[in-house]
Amino acid sequence: MTSSLAADTVGNPAINISIFAAFVVATLFIVIRVSRRNTTATEFFTAGRAFSGPQNGIAIAGDYLSAASFLGIAGAIAIYGYDGFLYSIGFLVAWLVALLLVAELLRNTGKFTMADVLSFRLKQKPVRLAAAASTMTVSLFYLLAQMAGAGGLVALLLDIHGKLAQSVVIAVVGVLMIVYVLVGGMAGTTWVQIIKAVLLVAGAAVMTVMVLAKFGFNFSDILGSAQTMMHQATGKGLASRDVLAPGAQYGGSVTSKINLLSLGLALVLGTAGLPHVLMRFYTVPTAKEARRSVVWAIGIIGAFYLFTLALGYGAAAIVGPDRILKAPGGQNSAAPLLALELGGVVLLGIISAVAFATILAVVAGLTITASASFAHDVYASVMKGHEVTEREQVRVSRITAVVLGVAAIGLGILANGQNVAFLVALAFAVAASANLPTIIYSLYWRRFNTRGALWSMYGGLISCIVLIVISPAVSGNKTAMIPGADFAWFPLSNPGIVSIPLAFVLGIVGTLTSSDRGNPALQAEMEVRALTGIGAEKAAPH
Amino acid sequence: MSDTDDPSQSPSPSAAGYVGIQNSPEFHDLRRSLRRFVIPTTIFFLVWYASYVLLGAFAHDFMAIKLWGNINVGLLVGLGQFVTTFVITGLYVRFANRELDPRADAIRARQEGAHR
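Residue numbers (the numbering used here), protein chains in the order written: chain Y, 1 to 542; chain B, 1 to 116.
Bear in mind the hints are in silico, worked out from the structure with no lab data behind them.
It should be emphasised that the depicted structure is a prediction, and the values quoted were computed from it without experimental measurement.
One or more of the hints may lead you astray.
[Said to hold, decoys possible] Straight-line alpha carbon distances no greater than 30 Å define the calculated DSSO-like cross-link-like pairs of lysine-lysine that follow:
1) 257(Y) <-> 66(B)
2) 66(B) <-> 236(Y)
3) 214(Y) <-> 66(B)
4) 123(Y) <-> 538(Y)
5) 236(Y) <-> 538(Y)
6) 236(Y) <-> 257(Y)
Bound conformation, chain Y alone:
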């Protein structure tokens, strides 16, 4: 009884709230200070391209290490052991695709959004519209995951069990994020990312050292204790799990093994298609700085995922799977519960504030990307045929941010309770299907044309969404989003293994069946700009 009692009241809500409030006040102060200008679109969307490579690299890590990485992966490792580790590896290796194939070329050819690159040498309006549609879809999936994380965390920290009260807190997070974006623009958002990344990595490092110290710096002992705790667990199906080898989550049927391959594919190909990550490459002055920022990002992200390995197994060994699963917030509460065991109420408060900050910062980054895409690609380019001032684009973008914020609040309330890493993997699948093939083809394949881009983007986007809707993640079982209904005709919970190859093939078929040979002059301009940086957008004059 004592253990379940301890899980019900985690920490001291007053301390949790005051540490969180201190973070919000401090970051809002910074956001207001750095955002005095923000009147031109270059200022608002790219912070004047004035960030250095290391600064941007830390901010990329801040954008990327979302609640999924912290709460989701630690939880997945604590409950499923080795299978959770696959998320870390996929999320990290994916950066090589961004570094080697995309980052620098994209920085040299684009201006504000992913669509700038995709539509560069193709028909502007239809391609921009398709790119904006997929940007909004990916951002919404990602937002939904962050909001679900916020709900779980709040449930745990403030001991709020009622769905209504959790929904109110999700709404508060949503409103805060709108304020950051409206006031701060890209400069403010980037500073929030930087502060949050430093806090998150430092917090994870401290906890890792504490976990290791508890086991005499012997990692093998942590693994052994995690396995022992699992064997002693009373939850259904837990005791027989081997957490040190793969297979606890994706072991049983052939379907679940294919599901693992599908997840692995979506993770490794998704990153370089995430619009909010791509947009960060516009905040640096040159392609060389874009390269430096990816190197910094890979270093920080890699170190962080090594920490999550210790944190996940540490949570299993010290907190135990039974307590984690019984806590409000479920799997997502493994890391906060571990903080409580290691450092008491204060560490829990700090770690939770960091996790909140993580959610807030990632949500703000996603919102600015999606709203920039709408203002720049849909409103300015498609609806108004470029006949709008930059001030007008910024105004439309601000309105879009408010609308998106409201939508994210609604969806977050729906997705409350799902594993955050799993939800983010769906966003990765959409990004890898709808965006990556067209990015690669337009940068590397001279013959690629508008039909190929549209077939690939819409084909990837639609197949991915449809397969998610008819997957077991949405209906047909107790843990689905809509447990009451059953329209799960597709057996895999991640659609990547079908939709990603399909989108690549559609790009080729669409291109080759069209007589459109493209515009050789624009192709030359794009390739020369991409590789040499001639004509690239410069940093705003100060």
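Use these hints to put chain B onto chain Y, whose structure you have.
Only chain B this time, still in chain Y's reference frame:
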């Protein structure tokens, strides 16, 4: 692009200028250097990552072989992915600084010189 007269952009060559640069031997050399590194490296890390995921899905017994204490093959192969990612990042940066940047800088300097 709609706003090529934006003062924040560097001087852009004409359309014919871009085609000229694209057809120049210096540009061919730059593109060849880039692809010579990027394509084989990408194939390597994707195959290595795919083997890891396939082992994770289908070779549970192999991954579960214990080497020291509770450290098994799966953990080492997983950490190996971290190592290769860091090493490839380092190699690429060295390659880009030594091989790509000077070539791109030369083409850009010549173009900007001609423009003034």
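For the pair we were handed, residue 66(B) and residue 236(Y), check the Cα-Cα distance against 30 Å.
holds, 27 Å
Pair hint residue 236(Y) and residue 538(Y), alpha-carbon separation not exceeding 30 Å
violated, 59 Å
Between residue 123(Y) and residue 538(Y), is the straight-line Cα distance small enough, at 30 Å or below?
It holds: about 25 Å lies between the C-alpha atoms, which stays within 30 Å.
Between the alpha carbons of residue 257(Y) and residue 66(B), is the straight-line distance 30 Å or under?
Status holds; Cα separation ~22 Å.
Measure nothing beyond the straight line between the CA atoms of residue 236(Y) and residue 257(Y); if it is 30 Å or shorter, mark the hint as holding.
Given that 30 Å is the threshold and the Cα spacing comes to 21 Å, the pair holds.
What's the verdict on residue 214(Y) and residue 66(B), does the C-alpha distance respect the 30 Å limit or exceed it?
holds, 23 Å
Of the hints listed earlier, the one the structure fails to meet is number 5.
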